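Undergrad: Residue numbers (the UniProt record's numbering), protein chains in the order written: chain A, 1 to 998; chain B, 1 to 315.
Since the hints were derived computationally from the structure, they do not count as laboratory data.
The structure displayed is predicted, hence computed values, not measured ones.
Careful: at least some of the hints might be erroneous.
[Said to hold, decoys possible] Derived pair list, reagent style DSS-like, types lysine-lysine, alpha-carbon separation capped at 25 Å: (1) B/Lys-136 <-> A/Lys-883; (2) B/Lys-156 <-> B/Lys-262; (3) B/Lys-166 <-> B/Lys-136; (4) A/Lys-883 <-> B/Lys-156; (5) A/Lys-354 <-> A/Lys-406; (6) B/Lys-117 <-> B/Lys-315.
So you can see what is in the structure, the chains are spelled out below.
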Amino acid sequence: MDDGRDNSFRQAVRAETLRGEKGSRTGRPHRTDDLRQEFEMDEHRMDLAALMDYMQSSESHGLPQEDADARLAQEGPNELTPPSAAPQWVQIAKTVFSGFSLLLLIGAILCFIAYGVEFGAYESPPADNLYIGIVLVVVVAVTGGFSYYQEHQSAQIIDKFKESLPQQALVLRDGEKRRVLTSKLVRGDIVEINAGDQVPADVRIINAQRFKVDNSCLTGESDPQVRSREYTSENPLETENLAFFSTYAVEGNCIGIVIRTGDATLIGRIANLASGLDARQTPIGREIERFINIVTVIAVLMGAAFFIASFAMQYDWLDSIIFLIGIIVANIPEGLLATVTVCLTLTAQRMASKNCFVRNLEAVETLGATSVICSDKTGAAPAPPQSPDWVALSRCAMLCSRAEFKAGEEEKPILQRDCIGDASESALLKYMEWCVGGVPEFRRQHPKICEVPFSSANKFQASVHVMRERGSNFLLVMKGAPEIIFDRCSHLLVDGREVQTSDQWRRSFLAAYNELGGQGERVLGFCDLRLSADEFDERYEFNAEEVNFPLMGLRFLGLISMIDPPRASVPDAVQKCRSAGIKVIMVTGDHPITAKAIARHVDIISSRSKTAEDIALERGVDPSHVDPREADACVVHGSDLAEMTSGQLDELVRTHRELVFARTTPQQKLVIVESCQRLGHVVAVTGDGVSDSPALRQADIGIAMGLAGSDISKQVADMVLADDNFASIVTGIEEGRILFDNLKKSIAYTLTSNMPEVICFLSFLVVSIPLPLGTITILCIDLGTDLAPAVSLAYEEAESDIMRRDPRNPRRDRLVSERLLSSAFARIGILQAAGGFFTYFVVLSENGFWPRRLFGIRRVWDSEGIVDLEDSYGQEWSYYQRKRLEYTAHSAFFASIVVMQWANLLACKTRSNSLLQQGMWNHFLSFSLLFETGLAIVMVYVPYLNQALQMQPLRFTWWLPAMPFGFLILMYDEIRKLVLRLRPSGVKNNWLDFLESF
Amino acid sequence: MTEDNQHEAFVPEPEFEEPSKVSRCAAFLHFLYNKQTGKVMGRSGMSWLKILIFYTIFYSCLAGFFVGMLSVFMYGVLVDNQPHRTGDNSLLQMNPGLGFRPQPDMSSTLIEFTAGKPGSYARLVANIQELFDTYKRIELKPEQVHVRAGCQPDSKPDGQPFKVCKFNWTRELPDCLPANDFGYASGQPCVVLKLNKIFGWLPDPVDERAPHALVECHGENPADTESIGDVAYQPSVSLENNATGEVTTYGFFNQAFYPYLKQIGYRAPLVALKFNNLRPNTLVMVECVLRNLRNSQYSKVDREAMARFEILMKK
């Protein structure tokens with residue numbers, strides 16, 4: 001990985017041009033320029049004394065506290081500004097002035113205008129319009145406030161998560177060392193950084209002892225980088241005297257001066273770049289917007305059409321406006337957005353209990369729509385290697401490993417103890433402690449005299465230890481890349497005997513090496529040499545710089561291989577993804593062979609599928625002769641990827657079911673994600689490093705690791721996995737899919753009652769009957785009785801095939817499809833309207849107005865001056881008696897919709913199962929039926945409340961006429977589902993498919 | 001789930017994988033009519049026809065069910081000769097409203113005319129005439145009407161409530177006849193008050209000396225009281241207040257006419273209100289209130305058991 005550093009940025013440029021071909025989004029092309037600007041920082045070039053001067057700091061005393069306070073006040077805290085923090089009022093305004101809310105506001109304004117006109121025209125104007133206008137404004141305010149509150153709540157989930165990780169730094173101020181919060185650091189502070197610490201800001205190193213940093217979160221490479229006080233390169237990322245904010249110190253310690261803080265740091269710049277990528281609309285967001293558009297268009301068109309028609313029918317323009325308002329209110333499912341929000345919140349809570357925390361609620365559904373997951377090594381953890389138990393080898397390994405156990409964890413099981421040191425050193429230490437034991441004690445007995453550190457140039461690490469035996473005072477131990485180690489050896493230890501190296505031994509060595517390497521294992525070679533007492537007496541001065549001891553002609557001891565084993569649950573999870581039609585793409589920085597082995601191991605490349613190389617091996621031909629389309633799996637090297645055009649990459653992604661990208665840079669991860677998105681996939685990306693953040697942002701859903709993830713990755717992610725477990729993603733996907741299904745059920749349920757509402761206004765206008773359902777009553781349904789059952793559908797259990805279906809095709813499987821609309825409006829909605837009108841006619845007839853008397857009566861009925869309107873029995877009704885009758889009819893219509901919504905709820909409960917098969921185990925749903933009914937009873941019967949809602953108490957018998965129609969709805973729907981179940985399977989274009997629920 | 005199925009899951013559908021390069025409009029037209037497959041809006045003609053047949057059957061069945069249910073209710077539950085809900089069960093709640101004529105414009109309660117100028121009151125007169133004609137028509141076909149004998153204000157029920165009393169307009173309202181344009185020509189306009197018919201309603205009088213529904217009209221405000229002048233009721237009854245000895249004149253709706261039981265040829269009793277010396281060129285707001293009834297709830301807000309109109313006579 002020694003070349004990764006330069007390449008990562010070179011490939012960023014390449015990736016840029018690659019994207020440039022297809023026209024990039026705004027803001028994107030500046031990225032490389034911005035990074036180039038980063039190259040031009042010069043703090044690393046300056047003379048240290050000059051820098052101290054410039055920062056007005058001193059190495060021995062640090063900054064005076066007052067100066068630090070002043071700088072903190074001036075330059076702000078040392079924190080990254082979280083992306084996208086629109087002011088609260090903007091967020092509130094957004095919810096109020098968009099979608100339905102806007103339409104309802106227009107309705108309210110029309111009401112006020114109508115009232116204003118009436119106020120001017122009449123002495124005592126009817127307050128109806130004023131009242132409805134106020135109610136509409138309240139509805140808008142309440143739903144707006146509600147959705148804002150929900151958004152606020154879900155943002156707090158993540159905020160809490162972040163707050164739980166406060167960072168402190170060791171700072172020299174006023175000449176004494178203090179622990180201060182990282183956020184309080186300022187330029188010029190002298191900080192001390194020890195192994196295991198996170199670098200608290202961008203730091204120029206003053207003094208370092210074997211200091212190494214892990215820049216993987218910045219550049220994506222995992223090998224620790226040496227840092228010292230030396231200025232070694234123009235490039236700030238290359239030079240050894242800079243350490244960057246949010247990288248980790250893995251070894252040694254250093255003292256440095258803070259040169260940049262907060263957003264001015266390199267990471268801050270990258271973070272800003274990441275936030276500069278436009279946040280994409282979530283699929284559910286798109287769906288809801290589309291749905292709002294559909295409903296808005298229907299409402300506006302219908303409203304406009306009947307507004308014009310009512311003019312043509314020579315209605316008063318005031319009446320026409322009232323029709324318009326009624327049609328708008330009836331068409332809009334006012335409670336639906338609240339329902340959707342609650343459904344999302346419930347699912348988010350359920351997911352949080354399964355260790356998935358979501359940043360925004362919509363992300364829950366996005367996860368369900370996911371068709372591609374770009375993942376790295378799928379949650380690796382170090383575990384002990386396997387090797388033959390040789391005393392010499394174990395001795396060597398114990399002394400070679402540079403990792404140390406963290407103090408104070410002696411009680412813990414070995415494998416769970418934390419280590420200071422990189423992953424392979426730690427694995428080695430744990431292994432030795434596990435199978436030999438007493439490593440720290442052994443090391444104390446044989447102290448290290450001298451060390452040649454590992455470097456990417458020599459690829460080995462050697463040290464000299466005190467060990468008195470067989471005429472020798474010192475033991476030289478060495479470990480490193482196996483082939484390098486083998487080349488340095490003249491002997492091998494075989495069954496306790498020393499043997500000369502030979503070509504035969506070399507072949508068997510290579511075979512063993514390849515075998516281990518091919519299993520996805522990282523292999524280290526070990527060798528040692530007793531330094532004879534003659535040459536190296538007890539007082540011999542070893543010098544690591546000049547190397548005054550032999551490093552050739554050593555004794556080869558053996559190989560130790562290590563693997564990052566995936567969690568046991570991962571293969572299962574990958575398998576689940578596959579049966580759910582989700583492509584899992586592995587994108588890793590590992591070597592292709594390792595990557596392929598891991599992929600095989602976790603089933604990302606399944607046992608059946610073959611890469612082009614496998615096919616070639618089988619047929620005994622060169623891989624280049626195999627048609628890549630024959631292979632279903634493919635392992636792509638980062639450098640090959642860099643050569644591809646976007647079209648070639650798309651082709652690659654399209655034609656291969658199973659893909660592994662190895663030796664990739666973080667920027668290439670972004671390219672891969674974009675390619676999948678071009679192909680219409682909904683892409684989930686997992687990541688933990690800072691360098692992953694652009695890819696996380698670009699992804700439809702970015703998933704950060706809660707334990708291993710850096711702050712920035714959590715900040716840009718849509719979801720945080722608290723347990724870093726890949727399997728949690730699958731759980732999340734399932735939840736997301738259930739949510740989408742249940743949302744459809746909810747919407748189908750809610751939309752249905754809009755049909756009778758609209759028909760009421762239409763019949764009022766067209767056949768001039770007294771209004772069957774008032775505007776306020778409509779709101780009572782949409783925002784009252786319909787809410788609880790609609791929400792309860794969110795608790796509906798998954799239908800059995802949920803994880804065996806293909807992912808939702810975002811272009812075709814819409815939240816609101818024409819099937820859902822035709823079912824809700826053209827069939828069940830019409831049935832409900834019939835039941836409602838039947839009830840309406842029953843109530844009016846029982847009181848004297850037969851249906852035929854009602855047609856055309858509207859004008860007389862609604863004029864206040866007529867106080868003696870005759871009914872079918874010659875009785876004469878005054879205006880207020882008629883209105884009382886009308887409000888009773890509204891209440892009865894309302895009650896009939898409540899009754900028929902029971903049936904509709906049971907019908908919406910399942911997609912294709914019979915109610916008898918599914919049962920009534922959703923207790924929230926059963927409860928919501930009771931709640932809905934109770935609420936309706938309260939609305940109808942509680943004095944004053946019913947007056948405020950323009951309702952009248954109902955006779956018990958007036959609840960009954962709708963019941964046959966409710967029964968009809970249930971019967972119809974059961975028959976429909978039966979037909980669909982009996983329908984010959986496999987016939988895709990069966991004309992009956994229009995009967996599907998959604 | 002077999003291995004094969006798992007693999008199928010990954011086979012990309014062309015439509016899914018290949019982003020359409022056609023413009024949205026063209027794609028929509030293509031959706032409307034696809035030349036290759038002959039599909040209209042994503043379905044073949046046959047498929048559409050079947051759906052059409054489905055909906056025809058669906059809606060026919062629904063219409064049949066609806067009509068059937070309604071017929072069962074209309075013919076099985078309701079009866080012709082009396083409302084299903086009467087008395088306190090009816091939303092009328094036995095509280096008859098008070099109507100008036102002329103009211104040529106239903107959205108207005110203003111009676112405006114110029115005395116002696118026929119064009120200005122033609123509509124008003126025609127409106128009363130309409131009511132007059134309905135009373136006249138009965139006299140033309142007496143043979144269908146079972147007329148009761150004793151219909152005097154003081155006569156007792158004769159046990160034959162299905163016979164009707166005959167309301168003789170000419171005799172009861174002698175000053176308000178078509179002949180004199182109901183008084184509008186002479187500047188002494190008539191306003192005819194009518195008590196709303198409610199099935200089975202009987203007056204429950206407070207004062208047994210006049211066991212009728214009484215009506216009393218006055219100006220709404222003190223200024224109106226001054227302008228309203230002398231108001232005469234036809235038919236009228238004068239009652240002396242036992243406590244004060246004050247004598248008040250009321251119009252009355254003859255109790256012998258009640259109850260209304262949907263009798264053929266039933267005509268409710270009327271009271272004429274005659275303004276003898278209305279102040280000209282002044283808008284007078286008149287309020288008429290039912291009196292002497294226990295079973296009537298007066299409510300000014302809901303305008304129950306009262307009538308309210310404005311009269312403006314120009315000269």
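Undergrad: So, for every hint listed, does it hold in this structure?
TA: Results for each hint:
no., hint, in the structure
1, B/Lys-136 <-> A/Lys-883, "violated, 32 Å"
2, B/Lys-156 <-> B/Lys-262, "holds, 20 Å"
3, B/Lys-166 <-> B/Lys-136, "holds, 11 Å"
4, A/Lys-883 <-> B/Lys-156, "violated, 36 Å"
5, A/Lys-354 <-> A/Lys-406, "violated, 30 Å"
6, B/Lys-117 <-> B/Lys-315, "holds, 9 Å"
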